[in-house]
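Q: Next come the chains, spelled out residue by residue.
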Amino acid sequence: MNWMAVKAVIVRDLKLVFRSKATLFWTFMFPLILLTGYVALFVPSPSGTSSSPVEIKVALVPQNWTKELVQAANETLKYMTTPWNTSGMKIVVNASLAKNLDLALEKLRKGELDAVILLPEDYYSDAGLHVKIYVLSGTPDRVKEEFVSSFLYSFFAEGAMAMSMGRLYAALNMTMRICPQAAPIAEPALTSAWSEPRVELERVTSGREGEIRSRIIGWMTLSVVFMNFMFGGVLGGASSITEEIRRGFIHRLLSTRLRPSEYFVGMSISWIITLTVAITPVLALGFLVYGGTLAISPFSAEILGVIAIILVAEVLAFSLGIIVGLLARSSDAASVIANIIIWATMMGGGFWIPKFMLPDFLKAFADVNPFSVLFYGLTEIAVYGKSVGAYLLPLSAAVAASLGLYAVASTLYLKYLPKLLESAGKG
Amino acid sequence: MPPVLEAKNLVKWFSGDGEAVYALRGVNLRVEQGQIVALLGPNGSGKSTFMKITVGVLTPTEGEVRVFGKEPYKDVEVRGRLSYMPQDAGLYQSLTGFENYMFYASIQGVRREKALKMLEELKDDVGLGRWFYKRRVSTYSGGMKRKTSLAVALASNPEFMVLDEPTTGLDPASRRNLWKILEVLQSRGKTILLATHLFDDAEYLADNIVVMYKGKVVASAPPKDLKRKAGYGYAVDVDFAEEPSREVVERLKLPGCRVIPSGGFRVTVVGNSPGLMGEVEERLAGVKVLAVRMRKISLGDVYFLLTGVSLE
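Protein chains in written order, with my numbering: chain A, 24 to 450; chain B, 4 to 315.
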């Protein structure tokens, strides 16, 4: 092995990578943007921090525009639009009167309203409160649908209760005037009925304060790292092979003393360096800036296991890219095949969508996919603090599969290269 | 002294669409020490395939090629004594010329100090300026790329250089400049095999021209001998105002002469008589022509006579 030639290939590759604006963007910038987007979109806010108010758009439709019903509707509006602040959640009800129920329901169907409330003629009668609430459903935001239903139901239930209490209060007052002996029993009952209920709400998070949030960030950071391996290693590896042959560089290279095996080793090392350098800012952003959990000390023995898993995943991605590049007949075909592998692995392998959210057949796929095994082994050890020993068996199998694939990639490279040169040499 | 290159009954075919596509059909060729040999032929004549086998990138289907007595597609070490400059330069666009040079020197096993010393020696011969060290190849002109590619080919101080169409795409001044560089390299003892479809390149540079057509060597001789072998000494170019009719062309077929369509509205008559021009003019009486010129037979005429096709 001519190590001087191997070193030259490594240096050349690194220069080419770091001088290509497109590569710099996709390999270095894009993962940082992706992680930032993930954290901003999907990580829950830390408890105690203010969040945006929830807005509920409502139309109140009196069945008849009688003076009494309109007055009752306006009274309801006044209470309903008072700003609410329930256990830290701000609720803004944007309510207005509407004349026509059909038009209001049409607006509801179009999503312009969250609910329409019909106030019937007997809205408030001796029989109690009667109201009909139409709530928008079938939207992507099921949580808000449920929230609007619960909120409006509670609002009117509480309103009905308050009105009943008012009547009861008046009745008891009258009773006490007629029969003063009833006062010792009636007065405490009235005081108790009108006092504010004392329901205390205390949020209790599982584990240490903020641990869930930081664990999610840790999981997402490693998820972006593995996505980077997919795009950088599989797609990048496949493209580099086909492009080198298409553009004729390989002819000039192999007209020298350079042996294909030396070239392959040089390429492998440069890819591992590139992928490692590319994930370093992602790890720093996720664990140091966004506060992802790193359950193990950087100076512990386990960190060696974590580094080994990362290196093996890089080898696996690069090997897969090489195989795709060799077997595809053109750059376009290589790109299509690599993308199919990438998206299938990312979506079905449980590192784009968490494994627990996957259907059973995809969970089974994730259980045997070496990428997924390495990813879940890594997250369990690095983020959730599990011992390496607990994952030794699946990880060993994934490592063996990865190194086996590297052996296949190198064998195929040496075997197929002459054929590819022949194919490219026809012109 | 054994030849630098010797090809014996070289056959190469590629499989394509279920049938064999022949690129070389029994090529025999020798290149002696210190020679510049030009492979002359149109695209598809087999020049590039021959060169790729010569540098060890492709393997022959039948026959063999020996460079310094070794088969380059089997022996890696012999590749250290030769260098290959492909048609499309094979340079990395995001690297400077210097970085390309150092990379190729390294993979050829040349140590940095030796490569730098070599560069110092060749930079004036090749005409490498500040641009070579400072600018990336993507910013170079065609001439700069060829010079860089040539410098890269010289990085290992090869004894034998294989240059595939080195002047293609260059302006006339750059072409002449490259000719001078190759002459200097020859004077320094390099053996050069170059492929070209430009007659000027072959005529000016080559000690020996190998005419290739459809994968075969049609003729192989020094430029002067090649013209002599054609059997004609003179050529008369007739420029017509419009496409000449078949009857006019028939009239130009003088005894002992041949008529070559030279492209456009030009017809060339080749023959051996010093009075050929007069004879042609006589035959053209009453025909509207723009110009009639006499000259010595060219390599282009010879190429047509050997292959039946016009190259330029």
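Please keep in mind that the hints were generated in silico from the structure rather than gathered at the bench.
There's no promise every hint is true.
[Said to hold, decoys possible] Estimated spans, in silico, between C-beta atoms of each pair: (1) A:G408 <-> B:K117: 29 to 37 Å; (2) B:R298 <-> A:L37: 55 to 63 Å; (3) B:E186 <-> A:F48: 45 to 53 Å; (4) A:F384 <-> B:E65: 51 to 59 Å.
[Claimed, not checked] According to the in silico footprint, chain A covers these stretches of chain B (three or more CB under 8 Å from chain A): (5) 46-60; (6) 72-82; (7) 95-103.
Since this is a predicted model, take the numbers as computed values, not measurements.
Even glycine gets a Cβ: it sits at the ideal position worked out from N, Cα and C.
Q: Closer than 8 Å, Cβ to Cβ, for at least three residues: run that test on the stretch 72-82 of chain B against chain A and report holds or violated.
A: It holds: at least three residues are needed, and the stretch 72-82 of chain B offers 3 whose Cβ sits within less than 8 Å of chain A.
Q: Kindly confirm whether 45 to 53 Å is satisfied by the beta carbon distance between B:E186 and A:F48.
A: 47 Å, holds
Q: Quick check: the stretch 95-103 of chain B, covered by chain A? Criterion 3+ residues, Cβ under 8 Å.
A: Holds, because 4 residues of the stretch 95-103 of chain B bring their Cβ atoms closer than 8 Å to Cβ atoms of chain A.
Q: The stretch 46-60 of chain B covered by chain A? Criterion: 3 or more residues, Cβ-Cβ distance below 8 Å.
A: Held - the stretch 46-60 of chain B has 6 residues with a Cβ nearer than 8 Å to chain A, which meets the minimum of three.
Q: The hint says 55 to 63 Å between B:R298 and A:L37; measuring C-beta to C-beta, is that right?
A: 57 Å Cβ-Cβ, so the 55 to 63 Å window holds.
Q: Starting from the hint 51 to 59 Å, judge whether the C-beta atoms of A:F384 and B:E65 obey it.
A: This hint holds: roughly 54 Å between Cβ atoms.
Q: Does the hinted range 29 to 37 Å hold for A:G408 and B:K117 at CB?
A: Given range 29 to 37 Å: violated, Cβ gap about 55 Å.
The structure is inconsistent with hint 1 alone, although it conforms to all the rest.
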